[in-house]
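S.K.: For chain A, the structure is supplied; the task is to place chain B on it using the hints.
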Amino acid sequence: MLQEESDLALIIAQIVQKLKGSNLYAQLERQAWASLQRPEIKLESLKEDIKEFFKISGWEKKLQNAVYSELNVFPLPSHPAAPPEHLKEPLVYMRKAQGSWEKRILKSLNSMCTELSIPLARKRPVGEQKELLNKWNEMGTDEPDLSLFRPVYAPKDFLEVLINLRNPNYENGDSHSFRTHLGLIQVPLKVKDIPELKEFFVELGLTAGQLGIDDSTQVPPELFENEHVRIGQKVLSEQDSAAAQQYIRQGSPTALRAELWALILNISSQPEDILYYEQLKTNVIQHDLLVDSLIYKDVKLTASNDDYYFVFEDYLYQVLLCFSRDTSVLGHFAYNSASPPKSYIRGKLGLEEYAVFYPPNGVIPFHGFSMYVAPLCFLYHEPSKLYQIFREMYVRFFFRLHSISSHPSGIVSLCLLFETLLQTYLPQLFYHLREIGAQPLRISFKWMVRAFSGYLATDQLLLLWDRILGYNSLEILAVLAAAVFAFRAVNLMEVTSLAAAEAVLADLSTLKVMPLLQIFLFATVT
Amino acid sequence: MSRQKNQNYKGHGLPKGREREGEWDFYWCDVSWLRENFDHTYMDEHVRISHFRNHYELTRKNYMVKNLKRFRKQLEREAGKLEAAKCDFFPKTFEMPCEYHLFVEEFRKNPGITWIMKPVARSQGKGIFLFRRLKDIMDWKKDTRSSDDQKDDIPVENYVAQHYIENPYLIGGRKFDLRVYVLVMSYMPLRAWLYRDGFARFSNTRFTLNSIDDQYVHLTNVAVQKTSPDYHPKGCKWMLQRFRQYLASKHGPKAVETLFSDMDNIFIRSLQSVQKAIISDKHCFELYGYDILIDQDLKPWLLEVNASPSLTASSQEDYELKTCLLEDTLHIVDMEARLTGREKRVGGFDLMWNDGPVSREDGAHDLSGLGNFVTNTHLGCVNDRKKQLRQLFRSLQGQKKTPN
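Protein chains in written order, with the working numbering: chain A, 1 to 526; chain B, 1 to 404.
With the rest of the complex left out, here is chain B:
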């Protein structure tokens, strides 16, 4: 990645300029640094930082649920039940312990279904477990008093109980989830880009509901799978292109179009639901990692949104994906002010939402009539980013030369 030398970049993996303490133009920061320093750091006009101050409105499971429920109610008031139903991509979730009674009510209405308990703020599959009986939570509540989680000191309030999706789509008998990258440049107005590449992460063991204690079967995070005795160092990921082709050969192109359009709906609606809550700051941008689960009816479900998606690579392919992702992110952040701001595609990113749906190049309309957004997204499609970048920068240079 070649950058101009007079810019100072701070953060992991990027070439460092001459780093004078406190003087940086671009910071790929940790959320912990953000928490401590953002409020009392002065930033010049051109400075960019890679997180929004209160990103947790979207990325902590309990806040996200709250925001989504609120947004859904608002939509129902304004546009009716049908429109609100489009927000039903999140499995029923209850915050613990404040919504415990609501949870018990729902639990009793659906006996025998499986629930999953997740800590709101941890990642990589830590602290998650499945249960079917209320007794299991009682035991767990007692256990956490004396468990070795003590040092992390997560109080019981910071958990959510969520309906576990029991009919996930399986490939080769294995469960998987999808990791998709969404870049948000601003919330007011909402400008979001979708990266064409991503991957499907497979669980190493075969899916069965018999062993809900087997973490390895149910949790698809690579971090968890890495500790599984079956883990092969090759990694258990499929690039999204492969996944899209597989589905197309099994279900036909139309079903796949519908699925991916439903996923676009998830991204946009989830961002819309926190639009007003997030403190918009022109210095901030954020690259989110969305975790999506597909069920057997080809319906996508949102599992969670990550503000700091893992950028470590598990294989050569993974490494290439992540470096290109970062490179294109930096192109869009555009510290060098090369872009005009009217681009609909930069490298592997397609502009998905620009204070309104962004139309496709081919002007396609929503044929399903469901009012889904027919956005300018190409998830899992061919990513000829190098060629596109060449063309883009060549034309930008040309524009600069010709006086207007």
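For reference, chain A alone in the conformation it holds in the complex:
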């Protein structure tokens, strides 16, 4: 009991520490001072009266939402004496692997830089600044020469790194046994099996209503949909983050989704946020970064070629260019196994005083990065709100998809979860694919790294991302990947090459996500 109490005290202290510096704290203070004018506040019972006032005016709810948000995002310390690296990543070999991967990326970036003799950053001349400001809303019309730029890395390069991950403490016998080399991922991490997943995703079960299944045309809306929409509206009017997160596990109605996501991510567009975004925009106008060209190239290669997201090309630039200059993103490196790359002012290599993070937000984009933003354009049209939502989604979820860590939602665990599910419940399929040289992970990796963006139809993707928010976990990506293989198992058993297997799984745009998940988790005889 004592241990729990002291843990709780530690958590509370940490959260209070974090919130003290936030805008909400300043607002609460102001509100408290202002409330002294009110007749119901009496000096004798000052504390209780102010608390009561906060409850009635909705400020307590806001505080609750902020606390809930912190609990969701920040991992709880395992031990008060744990060093900060443990918060990033407790396993040493993972940290080392991430470190060397980062060195490789940075080297690649630097060599591209010297090859093309383009500086990592430069100040734009005034004429260029004016031009960019004029073109801000239509940067997609620009056609800079990007032929010499290459993406710094693609998902398949990252996969190779993950395949070579080994735990030096884990020795599973001298010979290469069948079991050890069945899948591609060779590290022993704990992943959930289907009974545990069933418990974790209990709201997706057959007895609960789901949007994505029970709102189809054949089902009369009185059975589930109408009531669900009504509850959604109630949740929104109460402005309760925790309730919204619970609610969205069964899917979000289209009309309410934008607000629900903002509530869960605890985003409210305050004037300060809009100002902050404008400030970032000014940074973009004043300075040109090499990363900008990488972003341009990525958008042109991926989102602009997509049948549905091409329309939002301009928004993508407006979000991603500002994102790369946002130093507040550096905060997430406290719990990300990755570390922001450092660069040195010319001529001062190695001198810490002249080190800067490059890019300013510490995130180097890779091929397909812009697809994280594209589906959000469907929901948010105001650039600063779209930006905030994306930033929050990134620092809560997306960063885990391209950094090496042992976190259950990290890409390594997702890959292992996927492979384990397939091996355990579809052993014949797995064996067959392996025999023909088509390791399943090689096909599904790109889906998971992009959180299925660009592979599923947008409405299905949004239903999937509803559940990511609802369960605060990315494990559903691995489950869906396995469910897709299960669904196409019959065709896959007949293929005889990797290319043919890729062809069977090339087009996911007709898939309905929720029925697949339900069947795989709850309706398959194991």
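What the hints contain is simulated information worked out from the structure, not anything from laboratory work.
Ideal Cβ placement from N, Cα and C applies to all residues, glycine included.
Hints should not be assumed to be uniformly reliable.
As the list claims (entries may be wrong) - Only pairs whose alpha carbons sit at most 27 Å apart, straight line, appear in this in silico BS3-like list of lysine-lysine: (1) B:Lys250 - A:Lys135; (2) A:Lys20 - A:Lys55; (3) B:Lys386 - A:Lys512; (4) B:Lys86 - B:Lys276; (5) B:Lys276 - B:Lys344; (6) A:Lys281 - B:Lys254; (7) B:Lys73 - A:Lys234; (8) B:Lys86 - A:Lys512; (9) A:Lys385 - B:Lys86; (10) A:Lys512 - B:Lys254; (11) A:Lys47 - A:Lys20; (12) A:Lys300 - A:Lys123; (13) B:Lys73 - A:Lys512; (14) A:Lys123 - A:Lys135; (15) B:Lys73 - B:Lys86; (16) A:Lys130 - A:Lys20; (17) B:Lys386 - A:Lys385; (18) A:Lys342 - A:Lys18; (19) B:Lys250 - A:Lys300.
As the list claims (entries may be wrong) - Restraint-style ranges between C-beta atoms, simulated for each label pair: (20) A:Ile231 - B:Val382: 49 to 55 Å; (21) B:Gly112 - A:Ile15: 55 to 61 Å; (22) B:Glu166 - A:Ile231: 54 to 60 Å; (23) A:Leu71 - B:Lys299: 32 to 38 Å.
M.R.: For chain B alone, coordinates are given in the frame of chain A:
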């Protein structure tokens, strides 16, 4: 598309039967062939042809405007101003040069607004330009004397000047218009079907009123966009389902319902306005391509009606849409006489008007109280046509087997 072999089909893209010159049962014809041959071609009872003799009453911009204005006046006389106002889905249009003076009057009343000049009978965006000053038309009139349009030889009479919609609804900063397919099986009585699928065509460049000379910004026809330097071969179309979902997530389901019901109103009223003018012939049917523009207040405007909507495909999705559209059209034309004639839905087509509004399956009533038609249309909704066709033909077979 599998058809019975003993029928002779003539026209592009359809499997040809043994084609003896002059002997065909079904002809998907060009309007030019129609113009030359319809009047002296004898057609048997069962023969079908894909155009009405004088379809141009609806599809040529100047005739359509005339018919619509006449219809509107009639409605005002018979049913009052409110009812007539439902025909205000067409931007103010004036025929040139016969209505030139009326146009100048309207022009002077609204200084500074933009107008668009369109040739009445050309398609794919050819010959269209925008203007703001009367001087621009003067110059243009002089220019056409010596332009390279000479070979097309379009006299100045065949133009219309139309109020340009300056506040179009934008998605991603881009202007778009909607292409919707309406199949008319007869005008007397009026029987019209609406296809559930369609698409939104985007302009490749960002919308601004600063550059009215930039064709690429304002004209959304794919043919024009294809020549734009920004054109990506993927095509710049969204299926209507995607468009409907996007609007629903932005404005809520009710606003979307209202918009689509307003569009139904456009289709029905436009057909009603030419009902008496079109020569009704039981051999004729026609598949129209309606071009609709949405403005920022979510009001739909009719841009034009095409009698020969393009059936070439710009992408795989487009190809599927158009082949299914044609297949379902042939199902409804029903050369094999399989249908009973009482169907409200065939494949992706919903019966929109059958000499009166067709009620929905769920019996929904017009809740807005505006007297809009709550028709049996599902534009932009789920199109599970394969399943529906299977069920339909299975039940038809069953009916044939059981003697009545």
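S.K.: It remains to establish, for every hint, whether it holds in the given structure.
M.R.: A quick look at each hint next to the structure:
1. B:Lys250 - A:Lys135: Distance of about 26 Å is within 27 Å: holds.
2. A:Lys20 - A:Lys55: Roughly 19 Å separates the two Cα atoms, so the pair holds.
3. B:Lys386 - A:Lys512: holds (17 Å)
4. B:Lys86 - B:Lys276: holds (19 Å)
5. B:Lys276 - B:Lys344: holds (24 Å)
6. A:Lys281 - B:Lys254: violated (36 Å)
7. B:Lys73 - A:Lys234: violated (49 Å)
8. B:Lys86 - A:Lys512: violated (40 Å)
9. A:Lys385 - B:Lys86: violated (38 Å)
10. A:Lys512 - B:Lys254: Status holds; Cα separation ~25 Å.
11. A:Lys47 - A:Lys20: Satisfied, since the Cα-Cα distance of roughly 19 Å is no more than 27 Å.
12. A:Lys300 - A:Lys123: holds (24 Å)
13. B:Lys73 - A:Lys512: violated (50 Å)
14. A:Lys123 - A:Lys135: holds (18 Å)
15. B:Lys73 - B:Lys86: With Cα atoms ~12 Å apart, lysine 73 of chain B and lysine 86 of chain B stay inside 27 Å; holds.
16. A:Lys130 - A:Lys20: violated (39 Å)
17. B:Lys386 - A:Lys385: violated (41 Å)
18. A:Lys342 - A:Lys18: Holds - the C-alpha atoms of lysine 18 of chain A and lysine 342 of chain A are around 26 Å apart, at most 27 Å.
19. B:Lys250 - A:Lys300: Holds, at roughly 26 Å.
20. A:Ile231 - B:Val382: 49 to 55 Å: Given about 24 Å between the Cβ atoms, the range is violated.
21. B:Gly112 - A:Ile15: 55 to 61 Å: holds (58 Å)
22. B:Glu166 - A:Ile231: 54 to 60 Å: With a Cβ separation near 42 Å, glutamate 166 of chain B and isoleucine 231 of chain A fall outside 54 to 60 Å, so the hint is violated.
23. A:Leu71 - B:Lys299: 32 to 38 Å: violated (47 Å)
The structure fails to meet hints 6, 7, 8, 9, 13, 16, 17, 20, 22, 23 from the earlier list, while all remaining hints are met.
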